[in-house]
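Based on the sequences and whatever the hints tell you, model everything.
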Amino acid sequence: MPETKLLFEHAHDPQFRTLDGYLAKGGYQGLKKALGMDRQAVIDQVKASGLRGRGGAGFPTWIKWNGIEKEKKNPHYLICNADEGEPGTFKDKQLMEQTPFLLIEGMTIAGYATQADAGYIYIRGEFVDAARSLRQAIDQAYVQGYLGKNILGSGYDLDLYIHMGAGSYECGEESALMSSLMGERGMPRLKFPHAPLPTVAGLWDKPTVINNVETYACAPFILDRGGEWYATLGASTKNSRGTKLFSVSGHVNKPGNYEIEFGTTLVELLDMAGGIKGGKLKACIPGGSSVPIMTAEQVEKAVIGYEELWDDYKTMVGSGGCMFFNEHTCIVSLIWRTAQFYAMESCGKCTPCREGTKWMLQILDRIVRGHGQKGDMDLLLDVTKQIDGRSFCGLGDAAAWPVAGAIRAFPEEFEHFIEHGRSMVQSEEAKAMAPRWAQPAFSH
Amino acid sequence: MSELLQIGAQRPKAPEPDSLELRFSPTAVEELEALKTHYPDLKSCVLPTLWIAQREYGGHLSPEAIAEVAHRLSRSYAEVEGVATFYSMYNTAHKPGRHLIEVCTCLSCHMCGAYRIVDHLEEKLGIKLGETTPDGVFSIHEVECLDACDRAPVLQVGDQYVGPVTPETVDELLERLRSNPDSTVVQLADAVVKVHLRDGKA
Ligand SMILES: Cc1cc2nc3c(=O)[nH]c(=O)nc-3n(C[C@H](O)[C@H](O)[C@H](O)COP(=O)(O)O)c2cc1C
Ligand code: SF4
Ligand code: FES
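Listed in order, the protein sequences are those of chains R and X.
Everything in the first sequence is counted per this note's numbering, starting at 1 for the first residue and increasing by one.
Everything in the second sequence is counted per this note's numbering, starting at 1 for the first residue and increasing by one.
I should point out that these hints are in silico values taken from the structure, not numbers from a laboratory.
These numbers were taken from a predicted model, which means no experiment stands behind them.
Worth double-checking, as some hints may not be accurate.
[Said to hold, decoys possible] Subject to a maximum C-alpha distance of 25 Å in a straight line, what follows is the list of computed DSS-like cross-link-like pairs (lysine-lysine):
#, chain 1, residue 1, chain 2, residue 2
1, R, Lys149, X, Lys194
2, X, Lys95, R, Lys206
3, X, Lys128, R, Lys358
4, R, Lys206, R, Lys149
5, R, Lys47, R, Lys70
6, R, Lys149, R, Lys277
7, R, Lys374, R, Lys385
8, R, Lys238, R, Lys5
9, R, Lys32, R, Lys149
10, R, Lys206, R, Lys191
11, R, Lys431, X, Lys128
12, R, Lys32, R, Lys5
13, R, Lys32, R, Lys72
14, X, Lys128, R, Lys349
15, R, Lys206, X, Lys36
16, R, Lys277, R, Lys254
17, R, Lys254, R, Lys238
18, R, Lys431, X, Lys124
19, R, Lys5, R, Lys70
20, R, Lys280, R, Lys238
21, X, Lys124, R, Lys73
22, R, Lys374, R, Lys358
23, R, Lys33, R, Lys5
24, R, Lys349, R, Lys374
25, R, Lys5, R, Lys301
26, R, Lys277, R, Lys301
27, R, Lys191, X, Lys43
28, X, Lys128, R, Lys149
29, X, Lys124, X, Lys13
30, R, Lys72, R, Lys5
31, X, Lys36, X, Lys13
32, X, Lys43, R, Lys73
33, R, Lys280, R, Lys314
[As the list claims (entries may be wrong)] Covered, in the sense of this in silico footprint (three residues per stretch, anywhere, with C-beta under 8 Å from a C-beta of chain R), are these stretches of chain X:
#, segment
34, 13-20
35, 35-41
36, 106-117
37, 169-183
C-beta atoms are modelled at their ideal positions from N, C-alpha and C, and glycine is treated no differently.
In structure tokens, the structure reads:
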């Protein structure tokens, strides 16, 4: 399948970033329809669409919206997770920069459906340009009555606030994000069933819906064209509907964001990104650094869908951060760097992740320095098992999967590096990528 | 192992409570008042107020800056220090140079040559990652994925992403920055504060 542009249809039109330009392209039709509907009917449209969260976990969006108390006894809140921190992902940034009104309209629809009083957009601190574009859009929406009191004469009020992060991957985890928004260290909070769901007691202990930028940006289309229409996109897959933005990077000729319909193949995605650069395809991390790596052979046949990637390859759509790597890529070195990321970003709250991520890094570090020891692969796998499923939040699991996945997919590279103290990939290109201290492992 | 993992080992001393000197400008005070209307409690203002402080104190969240934030939001020093030191974009460990160059070396950038950029910067500036040039103009840091992997290898200076970079474009960037007398570290903090506020104003 070729690219299917829904969210990104007008992304490159600078006018689309202004309210007038947005309206001229049919913007705000979805909200207008929603405001004329019963709140439950709005949620039913989202249910019919089959929309699942685009932040990584793929949770059905309508269940969250439906979980908010219908008889309002408390203030209700809405959060947009724009902390985009997953290595390999850069779609939310482009959405906020180029299509800010899709997010604002989507949040307003969600806010109406859940009777929210205020929405907070938590943007990672580095994304200043995206935040500026969104700021301008929010200001225009207020001036013309699309935000604030009595939106479009409907009697519904909503305020949207931008809240900037300050450098922490863990703040993308929803409960840690709430801690951070409430002025604390970005550490996760106790979860269901040990604590109420955020839809019952979230931000400031009030009913809260939290969704990803892309998830909200889908809502205007669902309300305008209908949930059933939306569900025709991706209908060839088991249970993935609509389009998905994939951020393609690594060794490709045209890195960037590509919007595809579920059911597209990874090979088609690679073609959209101009194909592999600098050698043959060797590996692909399809959904951000947290998901297990695939071999070139697996890429050949893979169809993009939540179930499809999981059932057949035990990997995931994740956040859509798709990285392709060519034959000069040393997988051990790649995973060493991935492990450093998680060791750096672990918040330190729970022992399996705080200690386990450092252990993995230490072991990988000695392998890359040429001092790997017999049994290191088993030791690494053992540590991943101690972390996976035993951590307080998803970061621990996300740290364990790529390491275990790479050992599964490329065992010979680890064996070789440990046995010979050198990388299996001996080429000038591979050497040029390595940190200076690791270069001896790439020279004969 | 990455030296960054050792950060936080030294903890600067908290100022004596009686020696507290408030340094927020009138604009900063106005901004803070506007921010307070965004949240139901004062605690939730800690992150944006730390950004204001980072700007007001020249790009560095010194113990004095943290003490002022604590004072203005009726929090304890320890609480605000605890929050500030959690986040990598708050410069608590030491005062950075006028321009802080943050090089992404995470997976996509690593595989597109980020470590050659680090080598080049270290050589050119005569400092290591995490250090500042003696004239106080440049600091270089290694950072995790900036989520601009389509521009790998990429780096951030102030509120701008630059990439893909090569040793040659890095040299041009250094020249441009050297002749820029304003601190891009302060500019970044200012830009972050402004996006919180309607029409960029309090
Ligand atoms: C360590 C970690 C980091 C995460 N980072 C992000 C992120 O940057 N953006 C995001 O939308 N979701 C992120 N998530 C997922 C969120 O916890 C949450 O599932 C998501 O915001 C829900 O929105 P959705 O249902 O629309 O996907 C992260 C999860 C974990 C465990
Ligand atoms: S798994 Fe534990 S240490 Fe790791 S980020 Fe989550 S709470 Fe923090
Ligand atoms: S790996 Fe450098 S920007 Fe993502």
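Structure-based check of all given hints:
{"no.": "1", "hint": "R:Lys149 x X:Lys194", "in the structure": "holds, 23 Å"}
{"no.": "2", "hint": "X:Lys95 x R:Lys206", "in the structure": "violated, 39 Å"}
{"no.": "3", "hint": "X:Lys128 x R:Lys358", "in the structure": "holds, 23 Å"}
{"no.": "4", "hint": "R:Lys206 x R:Lys149", "in the structure": "holds, 21 Å"}
{"no.": "5", "hint": "R:Lys47 x R:Lys70", "in the structure": "holds, 17 Å"}
{"no.": "6", "hint": "R:Lys149 x R:Lys277", "in the structure": "violated, 52 Å"}
{"no.": "7", "hint": "R:Lys374 x R:Lys385", "in the structure": "holds, 19 Å"}
{"no.": "8", "hint": "R:Lys238 x R:Lys5", "in the structure": "holds, 21 Å"}
{"no.": "9", "hint": "R:Lys32 x R:Lys149", "in the structure": "holds, 16 Å"}
{"no.": "10", "hint": "R:Lys206 x R:Lys191", "in the structure": "holds, 15 Å"}
{"no.": "11", "hint": "R:Lys431 x X:Lys128", "in the structure": "holds, 21 Å"}
{"no.": "12", "hint": "R:Lys32 x R:Lys5", "in the structure": "holds, 23 Å"}
{"no.": "13", "hint": "R:Lys32 x R:Lys72", "in the structure": "holds, 23 Å"}
{"no.": "14", "hint": "X:Lys128 x R:Lys349", "in the structure": "violated, 30 Å"}
{"no.": "15", "hint": "R:Lys206 x X:Lys36", "in the structure": "holds, 19 Å"}
{"no.": "16", "hint": "R:Lys277 x R:Lys254", "in the structure": "holds, 9 Å"}
{"no.": "17", "hint": "R:Lys254 x R:Lys238", "in the structure": "violated, 30 Å"}
{"no.": "18", "hint": "R:Lys431 x X:Lys124", "in the structure": "holds, 21 Å"}
{"no.": "19", "hint": "R:Lys5 x R:Lys70", "in the structure": "violated, 35 Å"}
{"no.": "20", "hint": "R:Lys280 x R:Lys238", "in the structure": "violated, 31 Å"}
{"no.": "21", "hint": "X:Lys124 x R:Lys73", "in the structure": "violated, 62 Å"}
{"no.": "22", "hint": "R:Lys374 x R:Lys358", "in the structure": "holds, 19 Å"}
{"no.": "23", "hint": "R:Lys33 x R:Lys5", "in the structure": "holds, 22 Å"}
{"no.": "24", "hint": "R:Lys349 x R:Lys374", "in the structure": "violated, 32 Å"}
{"no.": "25", "hint": "R:Lys5 x R:Lys301", "in the structure": "holds, 24 Å"}
{"no.": "26", "hint": "R:Lys277 x R:Lys301", "in the structure": "holds, 20 Å"}
{"no.": "27", "hint": "R:Lys191 x X:Lys43", "in the structure": "holds, 22 Å"}
{"no.": "28", "hint": "X:Lys128 x R:Lys149", "in the structure": "violated, 53 Å"}
{"no.": "29", "hint": "X:Lys124 x X:Lys13", "in the structure": "violated, 34 Å"}
{"no.": "30", "hint": "R:Lys72 x R:Lys5", "in the structure": "violated, 38 Å"}
{"no.": "31", "hint": "X:Lys36 x X:Lys13", "in the structure": "violated, 29 Å"}
{"no.": "32", "hint": "X:Lys43 x R:Lys73", "in the structure": "holds, 24 Å"}
{"no.": "33", "hint": "R:Lys280 x R:Lys314", "in the structure": "holds, 23 Å"}
{"no.": "34", "hint": "13-20", "in the structure": "violated (count 0)"}
{"no.": "35", "hint": "35-41", "in the structure": "holds (count 3)"}
{"no.": "36", "hint": "106-117", "in the structure": "holds (count 9)"}
{"no.": "37", "hint": "169-183", "in the structure": "violated (count 0)"}
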